[in-house]
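Enquirer: If you want the building blocks of each chain, they are given just below.
Number of protein chains: 2
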Amino acid sequence: MVSESLGIIEPQFFKFEGDFELESGKILEGFNIIYETYGNLNEKKSNAILICHALSGNHHAAGYSNEEKNKAGWWNELIGPGKAFDTNKFFIVSLNNLGGCHGSTGPSSVNPKTSKIFGKSFPLVTVKDWVKSQNLLRKHLGIDSWHAVSGGSLGGMQALQWAIDFDKHIKKSIVIAAAPKLSAQNIAFNEVARQAIVTDPDFDQGSFHPKRGLGLARMLGHITYLSEEMMKEKFGRDLKKEKYEYGFDVEFEVESYLRYQADTFSDKFNAYTYLLMTKALDYFDPARGFENDLNKALDRTTTDFLILSFSSDWRFAPERSKEIVNALISSKKSVSYAEIKKHAGA
Amino acid sequence: MVSESLGIIEPQFFKFEGDFELESGKILEGFNIIYETYGNLNEKKSNAILICHALSGNHHAAGYSNEEKNKAGWWNELIGPGKAFDTNKFFIVSLNNLGGCHGSTGPSSVNPKTSKIFGKSFPLVTVKDWVKSQNLLRKHLGIDSWHAVSGGSLGGMQALQWAIDFDKHIKKSIVIAAAPKLSAQNIAFNEVARQAIVTDPDFDQGSFHPKRGLGLARMLGHITYLSEEMMKEKFGRDLKKEKYEYGFDVEFEVESYLRYQADTFSDKFNAYTYLLMTKALDYFDPARGFENDLNKALDRTTTDFLILSFSSDWRFAPERSKEIVNALISSKKSVSYAEIKKHAGA
Chain A
0 MVSESLGIIE PQFFKFEGDF ELESGKILEG FNIIYETYGN LNEKKSNAIL ICHALSGNHH
60 AAGYSNEEKN KAGWWNELIG PGKAFDTNKF FIVSLNNLGG CHGSTGPSSV NPKTSKIFGK
120 SFPLVTVKDW VKSQNLLRKH LGIDSWHAVS GGSLGGMQAL QWAIDFDKHI KKSIVIAAAP
180 KLSAQNIAFN EVARQAIVTD PDFDQGSFHP KRGLGLARML GHITYLSEEM MKEKFGRDLK
240 KEKYEYGFDV EFEVESYLRY QADTFSDKFN AYTYLLMTKA LDYFDPARGF ENDLNKALDR
300 TTTDFLILSF SSDWRFAPER SKEIVNALIS SKKSVSYAEI KKHAGA
Chain B
0 MVSESLGIIE PQFFKFEGDF ELESGKILEG FNIIYETYGN LNEKKSNAIL ICHALSGNHH
60 AAGYSNEEKN KAGWWNELIG PGKAFDTNKF FIVSLNNLGG CHGSTGPSSV NPKTSKIFGK
120 SFPLVTVKDW VKSQNLLRKH LGIDSWHAVS GGSLGGMQAL QWAIDFDKHI KKSIVIAAAP
180 KLSAQNIAFN EVARQAIVTD PDFDQGSFHP KRGLGLARML GHITYLSEEM MKEKFGRDLK
240 KEKYEYGFDV EFEVESYLRY QADTFSDKFN AYTYLLMTKA LDYFDPARGF ENDLNKALDR
300 TTTDFLILSF SSDWRFAPER SKEIVNALIS SKKSVSYAEI KKHAGA
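Protein chains in written order, with numbering that gives the first Met the number 0: chain A, 0 to 345; chain B, 0 to 345.
What the hints contain is simulated information worked out from the structure, not anything from laboratory work. There may be inaccurate statements among the hints.
Because identical chains cannot be distinguished in the list, a pair is counted as satisfied if it fits within a single copy or across any two copies.
Said to hold, decoys possible - Here are the simulated lysine-lysine pairs, DSS-like style, with alpha carbons at most 25 Å apart:
1) Lys167 - Lys332
2) Lys25 - Lys131
3) Lys210 - Lys171
4) Lys240 - Lys127
The shape of chain A in the complex, shown without the other chains (with noise of 0.2 Å):
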């Protein structure tokens, strides 16, 4: 069966007028939000899930858009009618967070108060300032509760983090490949992500392009959305051409991809907010306000959950997911959780 496409979405804005406190203690003097919406709100505004988007992310999660009418949104496999997120049932909302650089307010916006790009003077953001202000906007379309909040990575930190902010507005809480808080070893290779574009000279020199670091970056992380298993099957050591030639251009089939990710997206994303991306990944750490425990953390949470976790995934495997099962059952709430055996994908 060939599912119908949802064709081509059109974005909308939630312009926010008053003063958004981030968890930093700064001030953002008003926002825009970019987002889009798939599938119909039933008369009883019961049917609305929102979709959060990992590090590099948007708010074009499916369908096609007027800038790029062949290649569908990053989760159309997911959301469209007959789909997991069927729009023939649900009201899909799908938005570009504060400090992403795809139409909602980041580093690449004017700041009002000076006329100029935010640019480096962009404040931090962290999950909890993203989860405070994808209420407003459930406010401003007049929904009361959530169905579901969904997402993957630090999506699904999202859908957690909104369970212990607001579990009065949300019923279900769908946290796909994520953990309670970053390793050290997470923490690490977002430190050399950063390190990458820091030391750009470009970046130095207030460009806001530094393509090598952004693309180093980018490379880096591709590396640890693939499970070894994809790279091994997708590439394992194929040659680019039949022998070995003792030089520095590709020869490894996986040299040319990650090159390849490398180019196509230090030209199009914003560094610095990949740099507030994976900021806001090292600080989440919901338990830290609860004595450091998770099971405090989600003890006065009334969402049901489900827990996704794939069996290839390295950066966030199955035991991290297991960690928030694990303290959902101490707090006797209710839980789902299914290991999701092949490989992990992005």
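We have chain A already, so just place chain B on it with the hints.
Expert: Chain B only, in chain A's frame:
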């Protein structure tokens, strides 16, 4: 029991004056190899053990040097009187490989043909080339057969290649934390390190001191050498200060550690040597000359093997060592295998 120290070790030099043909087909017109020895060669010259270094290693494996009187060699815990490689019984030889930057002929040496520093013109060398040069060192030392050849990671690959290429001159091969060839993921990490170096503008300008790029490569290397558990134990999510700073200065201890590693390493290591060493890792694939069949590659060897792996090693995990063990068993060779629990270290 406190082990006796080997004291200050004076390095020695082996000068080879003939043409040395590399696997790439290129010719090195002679070379120097710097090496150290620990313990005494017996009359029968039957107690010599060769130690091979890994990516960023050198000849100074044990004792102290005149340059660094307070810092012991990189395997000092294992080499010395009464230690695993017991210098009361064995004559240990440790060298800096061709292409290195610690005294053996490499990119920072003068090319006798041009009287200029080799730099980028230094040819790529392989594990097979190293073993061939080490065999010339063996002859120079008047040793008919090594009692053993040993090393970890890239050093272990040399110990394996020795058994394939010169099995008449090696009795035991001790292969630690290695793999019979790199996976796509292993190559991918090396490629990011190389790209960090070659995209550093200082490298383009031929300064050979692309400090930023080399520092990034080192940071990334450290993440792959340290086990996730060790990073967790050593750093966890410990902060440098008491609370989140919401900025890009060092916040987590692990960031501080990585930046320090990058800084100290990139001051002293040669970037082109780093590139060469990563390529030698990528190229290593002893089965390649034997119809991609490791069993066939190992078929003719008469060497005894000890294969060691670390349970927490995620770069060259125990599964990779077992590939070697299984090929040896299939070929009915003498092999012992041990998986060492607890963390891997470098």
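Enquirer: Where does the structure disagree with the numbered hints, that is, which hint numbers, in rising order?
Expert: Per hint list: single violation, 3.
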